[in-house]
Amino acid sequence: MPFPATVTLRAVRSGLWSGCPDQVLSHASPEVVLGRSPETDVRDTRCSRQHGRYCFEVLFNRRTSTQRSSQSATGSQKRLASTSTNTATSDSAAKRPKQSTSVALDALGRTTTYLRLHGFQLPLRPGWHCYQDSVLCKLFGGAPPTTNARVAAFDFDGCLVHTSVANRDPKAWSLRVPEVPRVLQECHAAGYQIAIITNESLARFKKREPIEMNLVKKTTRLDEFCSRLDMPLVVGLAVVWENWLFSARFSQYSAHQAAWPYELPKPNDQYRKPDAGMWRMLRQLNACEPDLSDSFYVGDAAGRPRDHSDSDKAFAQRVGLRFLTESEFFPQGLAALPSSTAP
207 MPFPATVTLR AVRSGLWSGC PDQVLSHASP EVVLGRSPET DVRDTRCSRQ
257 HGRYCFEVLF NRRTSTQRSS QSATGSQKRL ASTSTNTATS DSAAKRPKQS
307 TSVALDALGR TTTYLRLHGF QLPLRPGWHC YQDSVLCKLF GGAPPTTNAR
357 VAAFDFDGCL VHTSVANRDP KAWSLRVPEV PRVLQECHAA GYQIAIITNE
407 SLARFKKREP IEMNLVKKTT RLDEFCSRLD MPLVVGLAVV WENWLFSARF
457 SQYSAHQAAW PYELPKPNDQ YRKPDAGMWR MLRQLNACEP DLSDSFYVGD
507 AAGRPRDHSD SDKAFAQRVG LRFLTESEFF PQGLAALPSS TAP
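In this note's numbering, the protein residues as written are 207 to 549.
Any given hint might turn out to be false.
[Unchecked claim] Cut-off 20 Å, straight-line C-alpha distance, at most; resulting in silico cross-link-like pairs (EDC-like, lysine to aspartate or glutamate):
no.: 1; residue 1: 377; residue 2: 418
no.: 2; residue 1: 412; residue 2: 339
no.: 3; residue 1: 423; residue 2: 375
Since the hints were derived computationally from the structure, they do not count as laboratory data.
Throw the hints in and build the complete structure from the sequences for me.
Here it is, written out as structure tokens:
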């Protein structure tokens, strides 16, 4: 890493940072402090002081990055400190291990391992990440297959599995048809990237307990379902709820919104179906552009007389994907596709 190098510091645990000045690294001052301090100009108390010290050294074409992080506690709590050192050489790039989930998600930018909603900070199950406080995502089976140009995307509830909104048990789900795992395996073997794109209305709850209960219920069901499939796949779960009446009612009181204790629901969240935000997120994760003419989306919200909405069909139309209902695609699988798109 040649000196001087300029890095920009930000309060990664808070959205209230006031703007951090650039810090210049040099041989005379190779250490940078992250956290709430006069150097970083971070004033939000939710960001700890001296959150991390980063020291860079250049020696014989070798870059060594040492992170020392410490957190001070009040009262009789002890001071905790941890030190980790990672050394990478240019001739060992070919021997790097398989890309981890956290590294693969770096393509999205900043993600968190918690959901922030209505002033609550809710921890997520292992492997889940929150993007833009609107969509939860998780990669199963390692990093997504970025070389796949075609995508087979599915809704979850009512399409892949049967679930009950009234049943609070996270394990209360069943396959919609027994052939679901076999069909998904066939899609993966045919070169499709498997993606689950689904909605969940968590913002309709205003207390922590029901939000946390429904969050755990949905993510647990997705974890258990995906664990049955021995294949890499991507899951996107939009959690922001549209409430047009609520948003319109309080938008006229913009002068008083700052005193309102809850976050106002977004009237049209870009990551919630039928909007195409989750598809754009999937494109960010992939190194290649998906072939829309050779990809498809399967869902149960098609605007039929007994359907709760047409959000799945509208999502596919907005993205430009071929749309099939759950009864059209299962149990036939890829045989249900027209001959022009079938492998």
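Do the alpha carbons of residue 377 and residue 418 lie within 20 Å of each other, as the hint requires? Status holds; Cα separation ~16 Å.
Restraint check for residue 412 with residue 339, where alpha carbons must lie at most 20 Å apart: holds, 16 Å
Agreement of residue 423 and residue 375 with the hint, judged by alpha carbon distance not exceeding 20 Å: Roughly 7 Å between the alpha carbons, so the hint for residue 423 and residue 375 holds.
The structure fails none of the hints (numbered hints given earlier).
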